[in-house]
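Visitor: Below are the chains, spelled out letter by letter.
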Amino acid sequence: MTDGLIIDSIIALSALGLICSAVLVWAAKKFAVMTDPRVEKVLEVLPGTNCGACGLPSCYEYAEQAVGGKAAAGLCVLGGEEAAEKMGNILGVSIGEMGRRVALLQCNGGIRCDDKFQYDGVKSCRAAALVRGSGKACIYGCMGYGDCMRACPLGAISIDKDGLPVVDEQVCVGCDLCVDVCPKGILTVISRDKKTHVLCSSHDKGKYVKSICEVGCIGCNICIKACPSEAITIKDNLAVIDSELCTDCGICVEKCPMKCIKSKGG
Amino acid sequence: MENILAIMLSAIFINNLVLTKFLGLCPLFGVSKDTKSAMGMSLAVIFVMTLASASTWLIYTYMLTPLNIRFLQTISFILLIATLVQLIELIIRKHSPPLYRSLGIYLPLITTNCAIMGAVLLSIRGGYSFVEGIVFGISAGVGFGMVLLIMSGIRERLELSDTPKSLEGVPLAFITVGILSIIFVSFFGRIPL
Chain A
1 MTDGLIIDSI IALSALGLIC SAVLVWAAKK FAVMTDPRVE KVLEVLPGTN CGACGLPSCY
61 EYAEQAVGGK AAAGLCVLGG EEAAEKMGNI LGVSIGEMGR RVALLQCNGG IRCDDKFQYD
121 GVKSCRAAAL VRGSGKACIY GCMGYGDCMR ACPLGAISID KDGLPVVDEQ VCVGCDLCVD
181 VCPKGILTVI SRDKKTHVLC SSHDKGKYVK SICEVGCIGC NICIKACPSE AITIKDNLAV
241 IDSELCTDCG ICVEKCPMKC IKSKGG
Chain B
1 MENILAIMLS AIFINNLVLT KFLGLCPLFG VSKDTKSAMG MSLAVIFVMT LASASTWLIY
61 TYMLTPLNIR FLQTISFILL IATLVQLIEL IIRKHSPPLY RSLGIYLPLI TTNCAIMGAV
121 LLSIRGGYSF VEGIVFGISA GVGFGMVLLI MSGIRERLEL SDTPKSLEGV PLAFITVGIL
181 SIIFVSFFGR IPL
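Protein sequence lines, in the order shown, are assigned to chains A and B.
Mapping the first sequence onto the working numbering, position 244 (from 1) lands on 244, and the numbers just tick up by one.
Mapping the second sequence onto the working numbering, position 90 (from 1) lands on 90, and the numbers just tick up by one.
If we strip away everything but chain B, and leave its shape as in the complex, we get:
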């Protein structure tokens, strides 16, 4: 239990995928213009990341490890994640058209999202058990979503505030992320892992 709590805190705050591992930066800048789409993207990422961690753990443990072909993890995970996202898209489209409309455009983006791949590979490298892997997936997703939401909130306010002309838009977003990143780096070493 303590272990799981540590994994959660670590994945959300200390080893935050975006701010300390610098993964998934394109959605961070692409989808953080307004809170609504940031929310949709975050939910999609959490969802896919959780399922991806579970399925890749199974494949890694019961297929790649016994056959001693662990070096194939990257390519087989790409395959799995792409299939998974496609599958989810099909299911959502059938069963929940409103969700499909709000999530639909982000799902194909996630297929090639490095944050998902990164989270999955990190979870494998961490040597987590099945449950721990899932918890790590959820937490990494939550961490990503949190940063995305923080960013979109800040950017929405920055849009309205009086900023130097040369910094408007993306430059200011870069600076903001930098400062955010420094803040999160200060969490390092707070929890002994």
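This is chain A alone, in the form it adopts within the complex:
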């Protein structure tokens, strides 16, 4: 009697287990969701910390979007250049094509720009900007209190002796975080390929700019005349370079009387 019960139990439970596993195996095959094998590969390259700096909630999500072509390959902040390159190899795109980006400060004033008054408050750009638009005479100018430096998760920004933030291009991945914190809105993220930039954001009249800043754009039109590819225009007393047309020839850099157009790396 007892023996029969034991055998019955063993058979019944084994049968149940077998049936259940058979159903699951069948279902796993029948309802298999085809996932791109590249997603797994990309996921291996990513750090897997789900930090969210790329703008997506998790590394998996980012891998999925990147493979689907909805997100650029070089967005991973933690993985940096290395991860970007590996991802590029997996996805068959060069990172150059995807537009590796870097932050740029559109102000070259710093200590070369006059002070309006002595600001003595909290050493933070956002605080200083609240007091009559900062102590700088130029309301567009960088105050150099380093909010961007503190916002940078990679430590790519430092304040130099001129009182201006300097972006270390080897480290910067163009994540936009510094752009968001700058109260003056003079940080932008640009393509790494472009070398020539106007390092001024002032829309003030040329005469006033000249009186307060040694290196401000005065809207003199000399660069427009000098540019062989007609890439420069003046908008609101400020020279603007059209990156589509600019060939980085460097003529405007030489001609600019205020030396506010600069070429990176030379």
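Hints were generated in silico from the structure; no laboratory data involved.
As the structure is a prediction and not an experimental result, all values here were calculated from the model.
Don't take every hint at face value.
Sample of chain A residues at the chain B side, in silico, Cβ under 8 Å [unchecked claim]:
id : residue
1  : D8
2  : L13
3  : C20
4  : L24
5  : V33
6  : P37
The C-beta atom is built at its ideal place from N, Cα and C for all residues, glycine as well.
Using the hints provided, position chain B relative to the given structure of chain A.
Guide: What follows is chain B alone, placed relative to chain A:
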């Protein structure tokens, strides 16, 4: 018909799984922080509980009872429920990715949810027929969902209100559940069963 109505009312209010049987307390505290996830969890529980009651009833009646091995009910039900949840997860993942995303994280939780197991065992112990068992499953799920939703609503409001520092968060949730439980206990004996 009257019987079914009685089962429903009893499972939802009087013998509420959470507040009078004290089953499924971990999801009650874990997922009741906001109404949206509470809703997702409730739906998943109702769904799984209904299917679990049906399938376990069949196994119990046509396999365990004839072989006279009813003592194996717990282990075989665990097997069944786990398989069921896995199966549902696979199917939802294939056919409804949005539902999978909103329900997906709760489904594996349900596999080991004592409320499901409790509801199934209670339905067997109650000696219900197949239809009655299913009704009991649905109602128990609804009862669970109702408490979860009530809790999440209360907790969302408590988050915003001025509460003593020492009671903030989980302690206050415990007290709330206690009071809720007392309220539900007062339903005892209202419907003669």
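Visitor: Does each hint hold? Answer for all of them.
Guide: Consistency of the hints with the structure:
1. D8: holds (5 Å)
2. L13: holds (6 Å)
3. C20: With Cβ-Cβ at 4 Å, under 8 Å, it holds.
4. L24: Constraint on L24 (chain A) satisfied, holds at 6 Å.
5. V33: At 6 Å from the nearest chain B Cβ, V33 (chain A) passes the 8 Å test, so the hint holds.
6. P37: violated (17 Å)
Of the numbered hints listed earlier, the single one contradicted by the structure is hint 6.
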